[in-house]
Amino acid sequence: MEYTLMTRIKIYLLTALIVICVPISSALAANEVNIYSYRQAFLIRPFLDQFTEETGIAVNVVYAKKGILQRLQQEGENTRADLVLTAGFSRLKALKEAGLLQPVSSGPLKENVPKRYRDPENEWFGLTLRSRIIAYSKARVPAGALRRYEDLADPKWKGKICVRTGSHYYNRALVASMVSAHGEAKTEAWVRGLVANFARKPQGNDRAQAKAVFEGVCDIAIMNTYYFGKMKFNKKQPGQREWAASLGIVFPNQGDRGAHVNVSGAGIVKHAKNRENAVHLLEFLSDEFAQKMYAARNYEYPVKDGVGWSDEVKSWGEFKADDLALVELFKLGPTAQRVIDRADWR
Amino acid sequence: MHLRAWFDGWSIGTVVLAIILVSPVVALVGLAFLPTENIWPHLVSTVLWRYIFNTLVLMAGVGVAILFGGVCTAWVITMCRFPGRRIFEWALLIPMAMPAYVIAYAYTDLLEYAGPVQKMLRGLFGWQSSRDYWFPDIRTIGGAILMMSLVLYPYVYLLSRAGFLSQSVSVLEASRLLGHGPWRTFWKVAMPLARPAIAVGVALALMETLNDFGTTDYFAVQTFTVGIYNTWLGMNSLPGAAQLSTVLLIFVLVLIGIERAGRRQQRFHETAGRHAPLPGYRLTGIRAVAAIVICATPLIFGFVVPAFVLGGYALEHYQTTLDNNFLRLVENSILLSAGAAGLALLIALFLNYGARLSGTVIVRVASRFASIGYAVPGAVLAVGVVMPVAWFDNAVDGFSRAVFGASTGLILSGTVAALLFAYVVRFLAVSHGTIESGLSRITPSMDDAARNLGATGLATLRRVHFPMIRGSALTAVLLVFVETMKELPMTLLLRPFNFDTLATFAYQYASDEQIEEAALAALAIVFTGLGPVLLLSLAIRRSRPAHQNV
Numbered sequence: 001m002e003y004t005l006m007t008r009i010k011i012y013l014l015t016a017l018i019v020i021c022v023p024i025s026s027a028l029a030a031n032e033v034n035i036y037s038y039r040q041a042f043l044i045r046p047f048l049d050q051f052t053e054e055t056g057i058a059v060n061v062v063y064a065k066k067g068i069l070q071r072l073q074q075e076g077e078n079t080r081a082d083l084v085l086t087a088g089f090s091r092l093k094a095l096k097e098a099g100l101l102q103p104v105s106s107g108p109l110k111e112n113v114p115k116r117y118r119d120p121e122n123e124w125f126g127l128t129l130r131s132r133i134i135a136y137s138k139a140r141v142p143a144g145a146l147r148r149y150e151d152l153a154d155p156k157w158k159g160k161i162c163v164r165t166g167s168h169y170y171n172r173a174l175v176a177s178m179v180s181a182h183g184e185a186k187t188e189a190w191v192r193g194l195v196a197n198f199a200r201k202p203q204g205n206d207r208a209q210a211k212a213v214f215e216g217v218c219d220i221a222i223m224n225t226y227y228f229g230k231m232k233f234n235k236k237q238p239g240q241r242e243w244a245a246s247l248g249i250v251f252p253n254q255g256d257r258g259a260h261v262n263v264s265g266a267g268i269v270k271h272a273k274n275r276e277n278a279v280h281l282l283e284f285l286s287d288e289f290a291q292k293m294y295a296a297r298n299y300e301y302p303v304k305d306g307v308g309w310s311d312e313v314k315s316w317g318e319f320k321a322d323d324l325a326l327v328e329l330f331k332l333g334p335t336a337q338r339v340i341d342r343a344d345w346r
Numbered sequence: 001m002h003l004r005a006w007f008d009g010w011s012i013g014t015v016v017l018a019i020i021l022v023s024p025v026v027a028l029v030g031l032a033f034l035p036t037e038n039i040w041p042h043l044v045s046t047v048l049w050r051y052i053f054n055t056l057v058l059m060a061g062v063g064v065a066i067l068f069g070g071v072c073t074a075w076v077i078t079m080c081r082f083p084g085r086r087i088f089e090w091a092l093l094i095p096m097a098m099p100a101y102v103i104a105y106a107y108t109d110l111l112e113y114a115g116p117v118q119k120m121l122r123g124l125f126g127w128q129s130s131r132d133y134w135f136p137d138i139r140t141i142g143g144a145i146l147m148m149s150l151v152l153y154p155y156v157y158l159l160s161r162a163g164f165l166s167q168s169v170s171v172l173e174a175s176r177l178l179g180h181g182p183w184r185t186f187w188k189v190a191m192p193l194a195r196p197a198i199a200v201g202v203a204l205a206l207m208e209t210l211n212d213f214g215t216t217d218y219f220a221v222q223t224f225t226v227g228i229y230n231t232w233l234g235m236n237s238l239p240g241a242a243q244l245s246t247v248l249l250i251f252v253l254v255l256i257g258i259e260r261a262g263r264r265q266q267r268f269h270e271t272a273g274r275h276a277p278l279p280g281y282r283l284t285g286i287r288a289v290a291a292i293v294i295c296a297t298p299l300i301f302g303f304v305v306p307a308f309v310l311g312g313y314a315l316e317h318y319q320t321t322l323d324n325n326f327l328r329l330v331e332n333s334i335l336l337s338a339g340a341a342g343l344a345l346l347i348a349l350f351l352n353y354g355a356r357l358s359g360t361v362i363v364r365v366a367s368r369f370a371s372i373g374y375a376v377p378g379a380v381l382a383v384g385v386v387m388p389v390a391w392f393d394n395a396v397d398g399f400s401r402a403v404f405g406a407s408t409g410l411i412l413s414g415t416v417a418a419l420l421f422a423y424v425v426r427f428l429a430v431s432h433g434t435i436e437s438g439l440s441r442i443t444p445s446m447d448d449a450a451r452n453l454g455a456t457g458l459a460t461l462r463r464v465h466f467p468m469i470r471g472s473a474l475t476a477v478l479l480v481f482v483e484t485m486k487e488l489p490m491t492l493l494l495r496p497f498n499f500d501t502l503a504t505f506a507y508q509y510a511s512d513e514q515i516e517e518a519a520l521a522a523l524a525i526v527f528t529g530l531g532p533v534l535l536l537s538l539a540i541r542r543s544r545p546a547h548q549n550v
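Protein sequence lines correspond, in order, to chains G and U. Residue 1 is where the first sequence starts when you use the working numbering, and the numbers rise one by one after that. Residue 1 is where the second sequence starts when you use the working numbering, and the numbers rise one by one after that.
Since the hints were derived computationally from the structure, they do not count as laboratory data. Hints are supplied without guarantee of correctness; some may be wrong.
Claimed, not checked - Examples of chain G residues lying across from chain U (beta carbon under 8 Å, computed):
{"id": "1", "residue": "Val62"}
{"id": "2", "residue": "Gly76"}
{"id": "3", "residue": "Glu215"}
Computed from a predicted model, the values in this text were never measured in an experiment. C-beta atoms are modelled at their ideal positions from N, C-alpha and C, and glycine is treated no differently.
Take the sequences, apply the hints, and build the full model.
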């Protein structure tokens with residue numbers, strides 16, 4: 001079948017029209033809020049649906065792991081995004097520094113999110129907490145042998161420790177907290193000691209380290225608390241429950257500064273078109289219901305004081321958190337990365 | 001004459017199109033010049049040399065493996081007759097549809113300590129823990145070479161097979177008449193003749209290797225690309241990452257230049273369209289078995305084994321995927337991939353033909369540089385694509401505000417159109433290279449004859465060249481289709497709201513090391529790729545008429 005020239009021109013015009021009009025029509029739809037998310041959609045969908053049900057505000061999501069900041073930057077004041085959700089906290093700092101967020105003065109937010117977990121200018125807010133803990137093999141390491149992060153550099157653990165790559169931001173933040181406590185030189189010595197104790201080249205995520213301990217590749221691992229929960233209560237792969245059962249865990253430095261914690265968080269986009277809805281959603285996320293659900297879903301801790309912990313996270317005990325403010329961790333991040341590279345924590 | 005060539009529509013079109021397509025890479029290179037903290041002293045004194053060493057080892061390993069695997073299988077399939085050949089002919093392409101990071105996950109699950117293989121060995125020999133025996137570690141640079149070779153050899157297989165098939169039988173016969181046996185014929189005649197096609201296949205596969213992040217990150221192999229991401233996200237220096245990307249880009253351009261210079265003296269055109277059946281060595285006994293083993297090995301390890309692992313998970317965990325509107329995911333993936341493949345073919349034809357028609361250097365250079373996006377890691381290129389697209393949107397918006405007083409908002413950003421643009425920028429090299437190697441085999445005297453008979457440039461392309469390169473065109477379509485099905489970092493970043501493809505859906509679980517949930521979607525990518533693979537292989541067979549009934 002051959003199209004005539006006119007028919008073809010019509011088809012082109014129609015296509016062009018669709019391409020142009022679809023985004024415009026979606027921009028006109030009023031009652032919605034648009035999220036650029038560094039967090040996987042399957043983690044956040046359930047309570048976003050709850051939000052829509054309560055308020056009638058539709059929630060649209062794009063999830064991407066890299067480049068959201070650059071996309072916001074380039075889209076400038078025409079961006080359709082209203083809210084950014086992050087999985088860790090390093091992006092929060094980068095977003096703020098790039099001038100892509102706006103301050104929010106909201107009573108509920110100030111009340112719900114403790115000061116050390118939010119930006120001093122109220123441009124970003126922590127939403128869930130996790131601690132970086134030490135896990136060890138119950139069979140091969142005596143209980144109480146490890147009490148502090150500092151102990152990990154002890155030569156007696158030579159060839160016993162598994163951990164993910166040094167430049168991952170969870171490790172970078174941990175190193176930053178060490179720099180804050182001990183200074184750069186002492187921290188570098190500590191990282192060198194830690195690296196000398198590695199059982200293998202760093203690889204995999206935190207869960208892979210726990211598995212390696214279970215398998216006997218190493219005796220000690222460093223991991224975020226939620227990975228422990230994901231294994232301990234794994235319904236789909238019961239094998240992972242065995243890994244968790246073989247592990248003892250330590251919240252380090254309980255006798256001094258407390259265990260290192262980091263957060264996931266969110267901020268409102270500077271050029272948000274649905275600002276009111278976005279603030280509404282952010283308040284919803286910081287409040288009791290979502291706090292409970294957001295934290296429980298990924299085995300994290302709520303940031304809001306007084307929100308009950310899920311039974312799951314309670315099962316491995318309470319702890320004292322290092323009260324170093326997140327902004328301090330941000331400031332020390334680049335120093336920490338250099339320490340990591342120099343000490344060759346690959 | 002020169003002036004006329006300058007102003008003809010085709011040349012201008014070629015240059016304009018090339019500028020649009022190269023704009024994301026130019027934007028990235030521009031980023032590299034933004035003022036930033038100097039990252040080099042720190043990198044040079046710490047990690048840079050390791051990045052470079054690992055990258056070279058990885059490229060050398062994958063290069064040798066795919067050259068050997070791809071050319072061997074292509075030669076055996078083209079030249080020999082043995083049981084099962086007809087099936088292997090297309091089946092050898094299947095592993096191409098496997099995302100490398102997915103088979104990396106599958107093999108890790110299979111071969112790690114708690115996996116079935118080691119469990120069985122422990123049971124068999126009574127070992128108690130990992131301290132009692134040695135087992136090769138898959139999460140090493142060797143493992144990464146193996147994983148990537150298993151999914152990338154089909155590039156070399158596909159293109160070298162097309163190269164072998166298009167060879168005139170008279171050349172091969174002449175070689176045999178001159179007393180060469182099959183081996184010498186292979187080395188002295190067939191290989192040099194197929195070299196442009198093989199080079200394209202190897203170059204495409206190596207660029208894929210160079211830019212891989214999923215596998216190398218999972219296996220903790222610190223390559224240059226991993227270094228780019230660490231600089232961008234770890235040291236929070238996008239300009240630094242852009243500088244590293246520029247270095248990578250120059251490296252790739254130099255490599256391609258060396259390869260082209262190496263065969264500048266060798267230009268072959270087919271002079272006759274006579275295709276007598278290729279000789280076909282009939283293999284029996286131990287030789288037939290050897291041929292079957294050669295062809296079965298990459299297929300088993302590149303497809304059967306990982307598909308078995310994934311299939312097991314998919315059977316247990318299909319529910320999550322089905323709950324998420326699985327058919328919609330399939331539909332999105334297929335439509336996007338088909339659109340990207342069609343667009344990339346049209347543009348590759350246009351550019352290549354523009355270069356063929358025009359003698360000017362500018363047009364030739366423009367045509368070649370248009371496909372440079374393949375040499376930049378995906379997530380970095382995604383940022384590069386964001387820039388010109390957003391610039392266009394904001395420029396139109398600014399114009400509209402000034403003239404009409406109304407905002408148009410974002411027109412292309414966050415739409416399927418931006419995604420398609422990104423795919424073409426990234427994968428044009430694939431279709432461009434394939435079409436170029438197809439066109440290069442056609443003697444220019446054909447063009448002269450057609451033009452002398454009064455045909456326009458477009459008519460010559462449509463009626464003379466296109467029928468002759470149909471095989472190459474189909475190859476180009478298939479390759480871009482499959483690549484787009486697997487593509488991840490750009491799809492993640494540039495897609496519209498609430499929009500998922502099979503790849504993005506699989507990834508959100510796989511990135512959480514929940515490969516079980518990702519299994520069905522990953523398998524669907526492979527099986528959706530199967531359809532085009534079958535079509536293509538039929539078409540390639542038909543593209544050589546006399547070869548049909550062998």
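### Interface hint for Val62 (chain G), Cβ within 8 Å of any Cβ on chain U
holds, 5 Å
### Query
Taking the least C-beta to C-beta distance, is Gly76 (chain G) closer than 8 Å to chain U?
Holds, because the Cβ-Cβ distance from Gly76 (chain G) to chain U comes to roughly 6 Å (cut-off 8 Å).
#### Entry: Minimum beta-carbon distance criterion (8 Å), Glu215 (chain G) to chain U
Holds: closest Cβ of chain U sits about 4 Å from Glu215 (chain G), inside 8 Å.
Hint check: no violations occur; every hint is consistent with the structure.
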